[in-house]
Structure formats: structure tokens, C-alpha cells
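One letter stands for each residue in the lines below.
Number of protein chains: 2
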Amino acid sequence: MPHIELPEPDVGVLRRLPILIEGLKSRVGQDLLIVDEDGRRAYETDAFTAYRRVPMLVVLPRTTEEVSKILKYCHENDVKVIPRGAGTSLCGGSLPTEDAIVLCISKMNRVIEIDYANRLARLEAGITNLQITAEVAAGGFFYAPDPSSQLACTLAGNLAMNSGGAHCLKYGVTTHNVLGVKMVLIDGTVVEIGGSALERNGYDLLSLVIGSEGQLGVITEATVKLVPAPEGARPMMIGFRSPEAAGSCVSAIIAAGIIPVAIEYMDHAAIEVCEAFAGAGYPLDAEALLIVEVEGSEAEIGILLGRIAEIAARFDPKTVQISADAEQSARIWAGRKAAFGAIGRISDYLCMDGTIPLAQLPHALTRISQICAEYGLKVANIFHAGDGNLHPLILYDANSPEEAERAELAGETILKLCVELGGCLTGEHGVGIEKRELMTTQFSPTDLAVQMRIKTVFDPTWRLNPAKVFPLAITNVMRAGDAASTPEAA
Amino acid sequence: MPHIELPEPDVGVLRRLPILIEGLKSRVGQDLLIVDEDGRRAYETDAFTAYRRVPMLVVLPRTTEEVSKILKYCHENDVKVIPRGAGTSLCGGSLPTEDAIVLCISKMNRVIEIDYANRLARLEAGITNLQITAEVAAGGFFYAPDPSSQLACTLAGNLAMNSGGAHCLKYGVTTHNVLGVKMVLIDGTVVEIGGSALERNGYDLLSLVIGSEGQLGVITEATVKLVPAPEGARPMMIGFRSPEAAGSCVSAIIAAGIIPVAIEYMDHAAIEVCEAFAGAGYPLDAEALLIVEVEGSEAEIGILLGRIAEIAARFDPKTVQISADAEQSARIWAGRKAAFGAIGRISDYLCMDGTIPLAQLPHALTRISQICAEYGLKVANIFHAGDGNLHPLILYDANSPEEAERAELAGETILKLCVELGGCLTGEHGVGIEKRELMTTQFSPTDLAVQMRIKTVFDPTWRLNPAKVFPLAITNVMRAGDAASTPEAA
Chain C
1 MPHIELPEPD VGVLRRLPIL IEGLKSRVGQ DLLIVDEDGR RAYETDAFTA YRRVPMLVVL
61 PRTTEEVSKI LKYCHENDVK VIPRGAGTSL CGGSLPTEDA IVLCISKMNR VIEIDYANRL
121 ARLEAGITNL QITAEVAAGG FFYAPDPSSQ LACTLAGNLA MNSGGAHCLK YGVTTHNVLG
181 VKMVLIDGTV VEIGGSALER NGYDLLSLVI GSEGQLGVIT EATVKLVPAP EGARPMMIGF
241 RSPEAAGSCV SAIIAAGIIP VAIEYMDHAA IEVCEAFAGA GYPLDAEALL IVEVEGSEAE
301 IGILLGRIAE IAARFDPKTV QISADAEQSA RIWAGRKAAF GAIGRISDYL CMDGTIPLAQ
361 LPHALTRISQ ICAEYGLKVA NIFHAGDGNL HPLILYDANS PEEAERAELA GETILKLCVE
421 LGGCLTGEHG VGIEKRELMT TQFSPTDLAV QMRIKTVFDP TWRLNPAKVF PLAITNVMRA
481 GDAASTPEAA
Chain H
1 MPHIELPEPD VGVLRRLPIL IEGLKSRVGQ DLLIVDEDGR RAYETDAFTA YRRVPMLVVL
61 PRTTEEVSKI LKYCHENDVK VIPRGAGTSL CGGSLPTEDA IVLCISKMNR VIEIDYANRL
121 ARLEAGITNL QITAEVAAGG FFYAPDPSSQ LACTLAGNLA MNSGGAHCLK YGVTTHNVLG
181 VKMVLIDGTV VEIGGSALER NGYDLLSLVI GSEGQLGVIT EATVKLVPAP EGARPMMIGF
241 RSPEAAGSCV SAIIAAGIIP VAIEYMDHAA IEVCEAFAGA GYPLDAEALL IVEVEGSEAE
301 IGILLGRIAE IAARFDPKTV QISADAEQSA RIWAGRKAAF GAIGRISDYL CMDGTIPLAQ
361 LPHALTRISQ ICAEYGLKVA NIFHAGDGNL HPLILYDANS PEEAERAELA GETILKLCVE
421 LGGCLTGEHG VGIEKRELMT TQFSPTDLAV QMRIKTVFDP TWRLNPAKVF PLAITNVMRA
481 GDAASTPEAA
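Quick note, the sequences are listed as chains C and H, same order.
Counting along the first sequence from 1, when you hit position 169 you're at 169 in the UniProt record's numbering, and nothing is skipped either side.
Counting along the second sequence from 1, when you hit position 402 you're at 402 in the UniProt record's numbering, and nothing is skipped either side.
Think of the hints as simulated: they come from the structure by calculation, not from any bench.
Some hints here could point you the wrong way.
[Claimed, not checked] Straight line, CA to CA, 30 Å or less: simulated DSSO-like cross-link-like pairs of lysine-lysine:
1) C:K170 / C:K225
2) H:K225 / C:K416
3) C:K416 / C:K170
4) H:K225 / C:K225
[What the hints assert, rightly or not] The following label-pair restraints were derived from C-beta to C-beta distances:
5) C:G344 / H:A324: 55 to 63 Å
6) H:P9 / C:R110: 50 to 58 Å
7) H:E298 / C:A229: 23 to 31 Å
8) H:P9 / C:P9: 52 to 60 Å
9) C:R241 / H:A138: 30 to 38 Å
10) C:G232 / H:E298: 20 to 28 Å
11) C:D31 / H:A117: 57 to 65 Å
12) H:G139 / C:A309: 19 to 27 Å
Positions of the beta carbon are idealized from the N, C-alpha and C atoms, including for glycine.
Next up, chain C with everything else stripped away, as it sits in the complex (with noise of 0.2 Å):
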């Protein structure tokens, strides 16, 4: 996958790294660096392992404190620095450059303060997600952004990309479930963003800095909100003739007023994958199938999981089957949470993450399954319906870097496919190195040249995780001093 360009290193910057190295062990002490090639060579990649580059260093704090001290030497000696969770990002959102220091906050994972009475938990943002969770079970909360990596992935990352999951179309996105933060500017000013109202005032950085994809500063800490678990929860499996006949239904449920807390769609090739690798009693005779997961006391869930049985009868489905018990539902969504590993297991993938409006699901599907088809490239669909949030998986051999390529181009189809529906270019992934070129597909030259400034604000000289979200070529025209004109220049 050739053609997004990587810059090439700054050869100044890596001349001064012994200088560097010193400095930076006389602010916060040699304990918090990784120098050793082996050690820093674990930091190449994230999840978009189709690129790799080497940082110069690796810096593990401990502290606001200390990366307060970190940022402010990179920004007086003009050093990049690549802010890092766990590295599971989707899009490169934590890819190095070989001139750079990875910042990885995996370290500050602890628990700050847990305040039943107001609903709220406050963490320091290297802890994982599911551990947010774990904490706070036994005092009958969860968190409630439930991203497939939520394992392994930090807070921190999912305040860089909003990350969704399974659960956000009841519960929402990241955003929606952080009430303030505290973050570090690069130039060490350490700021309070939101705090733990549910309200805000002054103009609303807090949504500014989630989604900004470590762009705008380093956050250390977050005050999440934390949501009471329900009574129960009960999936449905519905198998359907036809994939358009399971979009018109996802459609149709979300017009009546219900939210479930889950409506995942699987299509006929993820559903063979699926049921062979976990067992999960899928219905191999459907060409689409949706497990749609409503929760509630036991009378609230019968009466929804009901009218959603009246409503999927509308669409002539193949079958139609509540969980029995919690046993089922367990295996129901072991199917569903395995499936990217159980295409993995089959064949390379690359997953894509795309928006769409939701009445334009039915069209979407027809025409993602054609535009793999014109590329010669097979297409498995597994993803988050009730929100219209797209994840076609397109296989590929990875041997091949001709299908590769012709993997990377069909992608971009479906993208701007998204985009000319009313949809965008990404759901919960973030843009990274991925789609960092097709800005210029959803934004205009203006919209694009006030996103820069904003982050010019943030970070005049561009040091936090350049070269991702912004095209490239526009990206080195506005650092190389067009930062501070007005809007109307561009």
C-alpha cells in the first residue's frame, strides 16, 4: 500500500538525539526512557501494521507532572512527539516517525477517584477501558463506550479517536460520556477542559479535544460518567432473505422509537465465518442476520424484544429467535466479538469505517458488495447497524501487493461512497495516515484551513502527531508559516 506518503526524518533532529537523551534524563530521569533499538523497535506499528517506522526514543511517564516536563523540552528543542496509548489504532493514529518521541501513557493507569453519589469516576487516562469497568462492576456501573479492543485499549486512545462500540447507539460515543479532562499543551501549561458537571460554559473545548487524535495536547486524566447496569439484557438473532431485507429493518425499528442497546448486522459470509470458529447457533441459511440486544427489567425486556419480533415479521425474515437464557446470550455475542479474528483466521482483511444516513443502509450494501466485485476482491460485512456504522472487511492476500493495492483502492471507493450518501469518512476508527488524504473529499478548502488554525492554536509549530488527519502536501504549507492568516487567505 504505497501511496500514502510518509515524511522523511528530520537528519538535524536525529543528530542532536544524544543531546536530546541528556536533556530529557536530567528533567524527569533515566527510568521513564526506552533508548535500546529492541526496546523502541515495540513501538513501530499500531493495528495499521502495514506501516512501520522506528521512533528515535520512547518515553514512558508516570505523571502529569512529568509529562508536563517532557512536551516542554521537545517544544523548545523542536522535537515531534507521537502521544500513545496501547497502540490498537485502526488508522495509524499512533504510527511514529523516525525523527520523533513516542509519548506512551500506558504507565498513568490508576484509578483517581470513584464517586458513586454523582455518577462519576476519575482515572488517569492510561488505564484500560474494560478495567474502567471492572473497577466500578461491583458498585452496579459500567462505562460505557465498549470498543472491539476494549481489552487492551486506553482511555486515552478512545478520547483521541471517540471511539464508539457495540453499545453506543443506546449509550453514545466517547464524547458523550466524558464530562472534563485534564491535558497538557505542548508547551508543559497543564489545563482543566470540562470538569464534573453534565453542563459546560465558555465555548465547548472539551468536544474540540476528544476526536482530536492527539493532535491538540496530551491528556492525563479523565472524569468519565458512569452509567448504572441494567436490570438484564437479552439478544435476538433474525435471519433474513436478503441483505436489503435487514437494513429496511434496522431502519424500520429505529422509526419506531426503539434503542436498543445493540444492533449489529452480519452478512452471509461473516455469518459462515462466525458460526464455523465459535458455535454461536447462527442461522447458516440467512443471507443477512441482525442481533439486536434490548436491556431492562424483565417485563421491559420482554415487551421490546415483542415488538421488535412484530416489526422484523414485516420483512419476511427466515427465522426469528429470542435468547433463552443467559448461556445463549453469552454465545450469541462470542460469535459477534470473535468475528474479526474468525475472518483473520480465513484470509487477510482490511477493515474499513465508514457513515451512512441510515435510510441509505439497503443502497450502501448493494453497492459496497458491486464495488468489491468490480475490484475482483471478496467483501464480508460485520458491523454496528442502528447507527449506521459501516465496517466492510475486504480480503485480500497480503502476499500480493498488487491485490493489496487493488484492496486499498476499493476501500477508498466505499469511503467517498460514504461521503456522496451524507455519511463521513469515519465512524470510530479516527482518520490517522489512513484517510488523511480523502479530507479533501468531505471537507472544503475552508473547513479544512479552519480545522488547521485550530490546531495551530494548540500547537503553533506542529509538533504532536503531525502528518496525520490533515493531507500532507496541505499539512507542509500551513507549517511552513501560513499558520497564523486569516480564514479568508485560503
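Place chain H on chain C using the hints.
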């Protein structure tokens, strides 16, 4: 209330007025201009009526293109612009200055598109809040944010202030219900921010623009979410022996994981006044009253109200009454909605608007009573309790400048209390001029500097809705040329 300083008009601009009028006439035509003093006087204040300034000119554009021409002309000719919807701001958000042009978009009130399949509507921003729901009610939908002024206030004003309302506990405030906007920058550039899909990519400029109080641009169109109207809804009333018991009951309902559509709180003073005015059937022997409304099917409503009654029983209530029918429900809400008017009949009042973390509710209510007693003033409390958004009404005699001053000082003390308890200065009314000088109690100089630099990105010469949101002294420094410097200079 003399302590909010209004800036002196720029005499140079006033001298150029005849030329400016001719310039605007040649660009958008005479019909859009209000030049005569009587006409302009109608725009001298908003619902924060203590301050009045007659603007030098009023323009009423009908299209985005006209807004663009007007802003471009003002930008090129160094003229300040005050964007205005219906002028219902309670914090002076649309108060003019004498050397400014009021740009009122109330004529831009058309429905552009209603799209039930995707559950969204595209509207001109001058449409009134209630009209949106009126347009889609036949289709079984509604627009969720419902400020008390919804009959008059415009979507544009809701967007500027990120308005809430009684039902925002379940459905969120404006920012949660808007998918995209068309906005005109001060130099006349028209930008589209957000779109029609649920997720957004790039930096989250939409959240930044919503709630920015007309300081970043003039929004002319918006795409809003349509929410399916519930099958039914029903309120219950719970009368308590003390404000503390009512406050604790609110916390307990929320902590139990129940999300009613609304939890409204009224203290004894408010109960008495509203009951005398509206005959809503409120319990006159209660020290505090909660109106809790839930919605759904009849079965769901029954289950939820039953659970709430069980929880309320733990707080030794004096009365628990579930509405028996639609007629009784309407009467219960009529009392609440008439509250401000009813209190206005017996006294002048200052309506405060702060938020607190929910668990602080009982403590905050006690402290608010103490603060008002210390200033020798009475207070009535009526507010959206479920999300900790307080609206103490401080009663005073507007004919006594000394008492008005005391009322304002009491209000300031209450808002500082909100910040101290971990809340913030405004829940839904905004900062405007009212709370401008209090921003330093919530934000550090660095926080404010970052916010002000973002203002500068959108409006380099600070022409849009000036002298608001930020403390006047800091604004003057900023406008004097500090705008382009980096955060560490603050």
C-alpha cells in the same frame, strides 16, 4: 445594576453611518434595513432587560447569500455585528452596542427539507423552536430541546446558547440534537459544518460552534434530529417534607438507572404561587415538589412510575400522586410552565442559571436559601432537577436600585457556589454580558486565552457579538493585538 460595564461607542463608526447605510443598500437593497429610530428601538434589549442600547442599524436578511454580503461588508468596513434571533436571551446575549448593526434572522424561517426515513429536518435557523415540532408532529416526530421560551425563541438562538429545556434529561440539549449547520463567517465565507450522519470526522467543529453565543459566525441553516413521539407520557407528583428529601430522591431515581423525560423541582414558595395562579392541584402542605414524567407504552409507563413511587417511599413523602388522565397531566404541566409568569405577577425577580453535580443538590438548596437570607431577599426555586440545572429566582423590587444591587450580588454568590461545588456558571442561558466577568472564577487565564484564540481564528478582528462571554478587560487586551501569540504568553 451598574457594575456590568458596557463599552463606549466608537464615534468614528457613528460618523460613517450614512455611508454604511448606502453601502448596505447597494448590496442587499433598502427593504432589509431598519434605519428609523422607532424601528431600531425594538431591538435595544432582550429578555435580560436591565440593559438597553439602541443599535445604529438593523438588517433583516432573507437568504444565506444576503447574510454573507452583509457580513463581508461589515468586516471590510470595521463594523460590529450583533446576531439576533427572537431576542429571548436571559443573559444579554443579543444586547446591541450603539455602534453596531443588529443582524436579525427571524425572516429566515423556512423548512427546507423533512426526511422522516433518516429522521432529520433541514431548516432555516430563524424558525421558532415550537414550529419545528409543529411541522413534523403529523409524521409522528418531535424536536426534543424545549426551552420555556419555545413559542418565541429561534433555532438560531438555541444553537447560539446550546439550549436545553425540561425534557433534556432524556433527550439531551441542542448539541445532542443537531447534525450539521450552514454558517457564514465574518468575512462572508459560507461553510458547512457537520452533515446528516450521526458521527463526525475531523475536529468536532460542530460542538464548538454550538453554544458559542454568536461569536464565531452566523448560523443560517441547521439539520436537526427528529425524535419519534412516544406512544404516551404521564407525570406523577411527589410532595416532600423538606427540600433535602426531594433532592435525595432525585439522586436516588437517577442512581437507580431510571431516566425519566423530566424531573422538575419546585420549592414551597413556588408551589404556593403556581397553585394560586394555575390551580394545578399541587400539594400546598409540601415543602418541596417533584414532577416526574416518564414515557413509552402504557405498560412501560406503569412499570416506571411504580418503580419511582417505590424509591420515593424511602424519603417519607407527604403525597404521591400519579396523573390519572390526559386532562390532569396537562394541568400539572400548565402550572409548571406558568411558573415564571406567576412569580412575575407578585415580584420582580432575577432568574439565575447554574449547574451542580447531582449529589450536591440537597446541600446547594440549603446554601442558596442561606445566601438569599444573608442578603435579606426571598428566593423561589424552580428547576430541572434531573440534570442538576438550577434556576433560583431571586425576588426583589426593581424600583429600589439598592435592592436590585443586593439581588445581583446574591446571584453572583450563588453562581460562585455552583462553581465551587464542581458545577458551572450556566446550564442553558449562556454567559452573555450577565456572567462575563464571572468567567475568571471558572477558568484559568490559560483556559480563557485558548478560548479567545479560537474566537480569533473565526473572527480575527472581534467584530461578531463583541464585549460578551469574556471579561471586558481581557477582551480589550486581546483585541489590542495579542491575538496571534502562543498560549504560553497568557
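Cross-check of the supplied hints:
Restraint check for C:K170 and C:K225: satisfied, since their Cα atoms lie roughly 14 Å apart, inside the 30 Å limit. About 24 Å separates the Cα atoms of H:K225 and C:K416, which keeps this hinted pair within 30 Å; it holds. A threshold of 30 Å between alpha carbons decides the hint, and for C:K416 with C:K170 the separation of about 27 Å falls inside it, so the pair holds. Annotation: proposed proximity of H:K225 to C:K225 holds, straight-line Cα distance about 24 Å (limit 30 Å).
In this structure the supplied range 55 to 63 Å holds for C:G344 paired with H:A324, their Cβ-Cβ distance being about 59 Å. Between H:P9 and C:R110 the Cβ separation comes to about 55 Å, which falls inside the hinted range of 50 to 58 Å. Checked against the hint of 23 to 31 Å, the C-beta distance between H:E298 and C:A229 comes to roughly 27 Å, which is consistent with it. A hinted range of 52 to 60 Å holds for the C-beta pair H:P9 and C:P9, which are about 56 Å apart.
Against the hinted window of 30 to 38 Å, the Cβ-Cβ separation of C:R241 and H:A138 comes to about 33 Å, which satisfies the hint. For the pair C:G232 and H:E298, the supplied restraint of 20 to 28 Å holds, since their beta-carbon distance comes to about 22 Å. For C:D31 paired with H:A117, a C-beta distance near 58 Å keeps the hint of 57 to 65 Å intact. Distance hint check: the CB atoms of H:G139 and C:A309 are about 25 Å apart, consistent with the given range 19 to 27 Å.
Every hint, counting from the list given before, is met by this structure.
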